[in-house]
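Residue numbers are given in the working numbering: position 61 of the sequence shown equals residue 387, and the series is strictly consecutive.
Please note that the accuracy of each hint is not assured.
[Unchecked claim] What follows is a list of derived Cβ distance ranges for each label pair:
| id | residue 1 | residue 2 | range |
| --- | --- | --- | --- |
| 1 | K384 | G339 | 28 to 38 angstroms |
| 2 | G378 | D350 | 11 to 21 angstroms |
| 3 | G339 | P381 | 27 to 37 angstroms |
| 4 | A388 | V347 | 13 to 23 angstroms |
| 5 | G339 | A377 | 33 to 43 angstroms |
| 6 | E379 | T341 | 28 to 38 angstroms |
| 7 | V380 | G339 | 29 to 39 angstroms |
| 8 | Y406 | I369 | 15 to 25 angstroms |
By construction, these hints were calculated from the structure, which means they are not laboratory data. Every residue, glycine too, gets a C-beta built ideally from N, C-alpha and C.
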Amino acid sequence: MGDLSGAALWADGYTGHAQMVVDDNSKTLVGMTLAGAGVGELIHAATIAIAGEVPLDKLWHAVPSYPTMSEVWLRLLEAYGL
327 MGDLSGAALW
337 ADGYTGHAQM
347 VVDDNSKTLV
357 GMTLAGAGVG
367 ELIHAATIAI
377 AGEVPLDKLW
387 HAVPSYPTMS
397 EVWLRLLEAY
407 GL
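Based on the sequences and whatever the hints tell you, model everything.
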């Protein structure tokens, strides 16, 4: 996640990994992989997005605070093509 989010500001030399699993038909998140220090703050948001079947275009408008680890959501959605 280092270059993908505010995590680089959270800790010098931060390394981690974030990956989304998306249902391309419904454009909803169906899984999430997170690894690294402090990623626990991201798990609840992923759980809500998955359980609520929140469309990715709506997640795009749920802008996280900056600088936080949660900014990775925007980078993942950008990587998906939104």
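When the structure is checked against the list of hints, which entries are broken? Sort them ascending. Failing hints: none at all.
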